[in-house]
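Trainee: For reference, the chains in residue letters:
2 protein chains.
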Amino acid sequence: MLVVKVGGGATIDLSGLCRDLAQQRRREEVVLLHGASKELDRLSAALGRPPVTVDSVSGIQSRYTDDATLELFTMVYAGSAKVRIVERLQQQGVPAVGLCGVDGGLLRGPEKGVLRVRRPDGREQVVRGDRSGRVTAVNTGLLRELLAAGYLPVLSPPALSDQGRAMNVDGDRAAAQVAVALGADTLVLLTDVPGLLRDPRDASSLIADVRRHELGRAMEVARGRMRIKILAAREALQGGVRRVVLGDGRIPAPVVAACAGRGTVLRRAGTARVRS
Amino acid sequence: MLVVKVGGGATIDLSGLCRDLAQQRRREEVVLLHGASKELDRLSAALGRPPVTVDSVSGIQSRYTDDATLELFTMVYAGSAKVRIVERLQQQGVPAVGLCGVDGGLLRGPEKGVLRVRRPDGREQVVRGDRSGRVTAVNTGLLRELLAAGYLPVLSPPALSDQGRAMNVDGDRAAAQVAVALGADTLVLLTDVPGLLRDPRDASSLIADVRRHELGRAMEVARGRMRIKILAAREALQGGVRRVVLGDGRIPAPVVAACAGRGTVLRRAGTARVRS
Numbered sequence: 016m017l018v019v020k021v022g023g024g025a026t027i028d029l030s031g032l033c034r035d036l037a038q039q040r041r042r043e044e045v046v047l048l049h050g051a052s053k054e055l056d057r058l059s060a061a062l063g064r065p066p067v068t069v070d071s072v073s074g075i076q077s078r079y080t081d082d083a084t085l086e087l088f089t090m091v092y093a094g095s096a097k098v099r100i101v102e103r104l105q106q107q108g109v110p111a112v113g114l115c116g117v118d119g120g121l122l123r124g125p126e127k128g129v130l131r132v133r134r135p136d137g138r139e140q141v142v143r144g145d146r147s148g149r150v151t152a153v154n155t156g157l158l159r160e161l162l163a164a165g166y167l168p169v170l171s172p173p174a175l176s177d178q179g180r181a182m183n184v185d186g187d188r189a190a191a192q193v194a195v196a197l198g199a200d201t202l203v204l205l206t207d208v209p210g211l212l213r214d215p216r217d218a219s220s221l222i223a224d225v226r227r228h229e230l231g232r233a234m235e236v237a238r239g240r241m242r243i244k245i246l247a248a249r250e251a252l253q254g255g256v257r258r259v260v261l262g263d264g265r266i267p268a269p270v271v272a273a274c275a276g277r278g279t280v281l282r283r284a285g286t287a288r289v290r291s
Numbered sequence: 016m017l018v019v020k021v022g023g024g025a026t027i028d029l030s031g032l033c034r035d036l037a038q039q040r041r042r043e044e045v046v047l048l049h050g051a052s053k054e055l056d057r058l059s060a061a062l063g064r065p066p067v068t069v070d071s072v073s074g075i076q077s078r079y080t081d082d083a084t085l086e087l088f089t090m091v092y093a094g095s096a097k098v099r100i101v102e103r104l105q106q107q108g109v110p111a112v113g114l115c116g117v118d119g120g121l122l123r124g125p126e127k128g129v130l131r132v133r134r135p136d137g138r139e140q141v142v143r144g145d146r147s148g149r150v151t152a153v154n155t156g157l158l159r160e161l162l163a164a165g166y167l168p169v170l171s172p173p174a175l176s177d178q179g180r181a182m183n184v185d186g187d188r189a190a191a192q193v194a195v196a197l198g199a200d201t202l203v204l205l206t207d208v209p210g211l212l213r214d215p216r217d218a219s220s221l222i223a224d225v226r227r228h229e230l231g232r233a234m235e236v237a238r239g240r241m242r243i244k245i246l247a248a249r250e251a252l253q254g255g256v257r258r259v260v261l262g263d264g265r266i267p268a269p270v271v272a273a274c275a276g277r278g279t280v281l282r283r284a285g286t287a288r289v290r291s
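Chains as they are written, first to last, in our numbering: chain B, 16 to 291; chain R, 16 to 291.
Just chain B, with the same shape it has in the complex:
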């Protein structure tokens, strides 16, 4: 079982990814999750409502999601981005089925309610009205029904809050929960960089391997969105996933490459030794 998350970056080669998934699913069951952040930024700007980003007190950047933002978020993630990917997969002969986390209560968890953010001047501030949360439960029954019937599930936020409302959740961490819940062997997180870089401006500074005890160090090296990916990787490994690969989504066969170890491979400590 393989879980792949592809980011919403503009430079991702979607056609290459879909061709690649059509191949890969002959070898193992595949679940795809996708982002759409760049497209959401464009729609927000076109409607005169530029996106608002906040820094949590723990140093994680996220999108401030009020009611109006959640509506645009849902349009882009569950609507245009998802249908575009499902359409491309169908063109490759893959019977893909798109679902968001609200469908069948697929991705559930608590809403945050309030955000504790770090202002640019360094002071803490409490922000209300945020419609985001995190995934703590996955409806694996629905996913297994679809997989058993031969479909490739294509998932994304929004998720369903414990209060029964749609909410924004981080896509990488949601993918980690899906991988854990399905007992996946591998989680691939595809982005528009080659992996975790010591120096974000230098592609040759790729860190190829990270063991579980080195995750703290990896988190110190990571910048921006990469910090959430390391966090997601840690949650996946803690939940029993054997390896997480931070792969490059811009290359022609990104899933095959990531599964072959291209990118940054994060493993549970000792896994390689136990298996050798």
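Wrong hints could be hidden among the right ones.
[What the hints assert, rightly or not] Derived list of chain B stretches under chain R, where covered just means 3 residues or more per stretch with a C-beta under 8 Å from a C-beta of chain R:
id : region
1  : 100-112
2  : 116-128
3  : 136-146
4  : 157-164
5  : 168-179
[What the hints assert, rightly or not] Restraint ranges, calculated between C-beta atoms of paired labels, are given here:
id : chain 1 : residue 1 : chain 2 : residue 2 : range
6  : R       : D207      : B       : D81       : 25 to 35 Å
7  : R       : E43       : B       : G31       : 41 to 51 Å
8  : R       : R133      : B       : D177      : 46 to 56 Å
9  : R       : Q107      : B       : R41       : 38 to 48 Å
10 : B       : R159      : R       : S30       : 43 to 53 Å
11 : B       : G31       : R       : R232      : 50 to 60 Å
12 : R       : I75       : B       : E139      : 55 to 65 Å
13 : R       : A152      : B       : R57       : 28 to 38 Å
14 : R       : R232      : B       : V67       : 55 to 65 Å
15 : B       : R57       : R       : G74       : 32 to 42 Å
16 : B       : Q76       : R       : D81       : 56 to 66 Å
17 : R       : A164      : B       : G31       : 29 to 39 Å
18 : B       : R41       : R       : R213      : 58 to 68 Å
If you're looking for bench data, these hints aren't it; they were derived computationally from the structure.
Don't be surprised by glycine CBs; every beta carbon is placed ideally from N, CA and C.
Given the coordinates of chain B, work out where chain R should sit on it, guided by the hints.
Mentor: Chain R only, in chain B's frame:
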């Protein structure tokens, strides 16, 4: 088996509908289709791209759907409108699953390619670049899988064209094809009027019953969007559906009322006599 289509009118009582469906599905299997035309008009206007409507040479009004319109269409139908309905159903304890016609090739058929339209001056004109078509095949396997697993499918356009592209299709006629393919007993089409009216401005002019041989007459009486509903009803009855009800979606329990015969009931000729 009951198939319900609810229009995208602003006056539809969505909460009432969802409560009603939660009750109705205890008695029989239910599939819901939805529209979102008013919401699409609002988004189009907000983005400075007002909707363009064309009249076909056969006198049916439809939305001209170029590539840019299809993208907005998909956002609103598969994104915001669908997730809002699924969210409401979840709040009523109904495990709803939203799908568009592209998912699993659920709704398939040919693209029109070119439109033959009637210009305001009465002359015919050929319009190219339209991304619409009609549904001729329904993936009943996927719907039956979901129904058997206890889910309520919530469907909408876009559909998947025979060329593998997303396309706009009429929601009422798509609902008719779904009802036929599933062998549904009843198709309910909910709108923001009480049913087929002899005089659109007079609610007391409701035509309560239409037999199949009276469909031609009904089509002559119908105006605007109601013409497509009569066409959809005819296709459903021809395909074996026992009755089609044009019901009022603005009342608190619209599905129960329609199933009890409130609205305009269209039947296959002689059905009542055969059963008495």
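Trainee: With reference to the structure, classify each hint as holding or not holding.
Mentor: Outcome of the hint check:
1. With 7 residues having a Cβ less than 8 Å from any Cβ of chain R, the region 100-112 of chain B passes the three-residue criterion, so the hint holds.
2. As drawn, the region 116-128 of chain B meets chain R at 4 residues by the rule of a beta-carbon pair under 8 Å; at three or more, the given contact holds.
3. Look at the region 136-146 of chain B against chain R: 0 of its residues bring a Cβ nearer than 8 Å to a Cβ of that chain, fewer than three, so the hint is violated.
4. Coverage of a stretch by a chain is defined here by at least three residues with a beta carbon nearer than 8 Å to that chain's beta carbons; for the region 157-164 of chain B and chain R the count is 4, and the condition holds.
5. Under the rule that three or more residues need a Cβ within less than 8 Å of chain R, the assignment of the region 168-179 of chain B holds, with 3 such residues.
6. A beta carbon spacing of about 30 Å between R/D207 and B/D81 agrees with the range 25 to 35 Å that was offered as a hint.
7. Take R/E43 and B/G31: their Cβ atoms lie about 46 Å apart, and the range 41 to 51 Å holds.
8. In this structure the supplied range 46 to 56 Å holds for R/R133 paired with B/D177, their Cβ-Cβ distance being about 53 Å.
9. Restraint check, R/Q107 to B/R41: a C-beta distance of roughly 41 Å satisfies the suggested window 38 to 48 Å.
10. Checked against the hint of 43 to 53 Å, the C-beta distance between B/R159 and R/S30 comes to roughly 32 Å, which is inconsistent with it.
11. B/G31 and R/R232 have their C-beta atoms about 57 Å apart, which keeps the hinted 50 to 60 Å range intact.
12. Look at R/I75 against B/E139: about 60 Å separates their beta carbons, and that is inside 55 to 65 Å.
13. Hint check: R/A152 to B/R57, Cβ distance near 35 Å, so the stated range 28 to 38 Å holds.
14. In this structure the hint that R/R232 and B/V67 lie 55 to 65 Å apart at CB holds, the actual value being about 58 Å.
15. The given range of 32 to 42 Å is respected by B/R57 and R/G74, whose C-beta atoms sit roughly 39 Å from each other.
16. The supplied range of 56 to 66 Å is broken by B/Q76 and R/D81, whose beta-carbon atoms lie about 37 Å from each other.
17. Checked against the given bound of 29 to 39 Å, the beta carbons of R/A164 and B/G31, roughly 34 Å apart, stay inside it.
18. The beta-carbon spacing between B/R41 and R/R213, approximately 60 Å, falls within the hinted interval of 58 to 68 Å.
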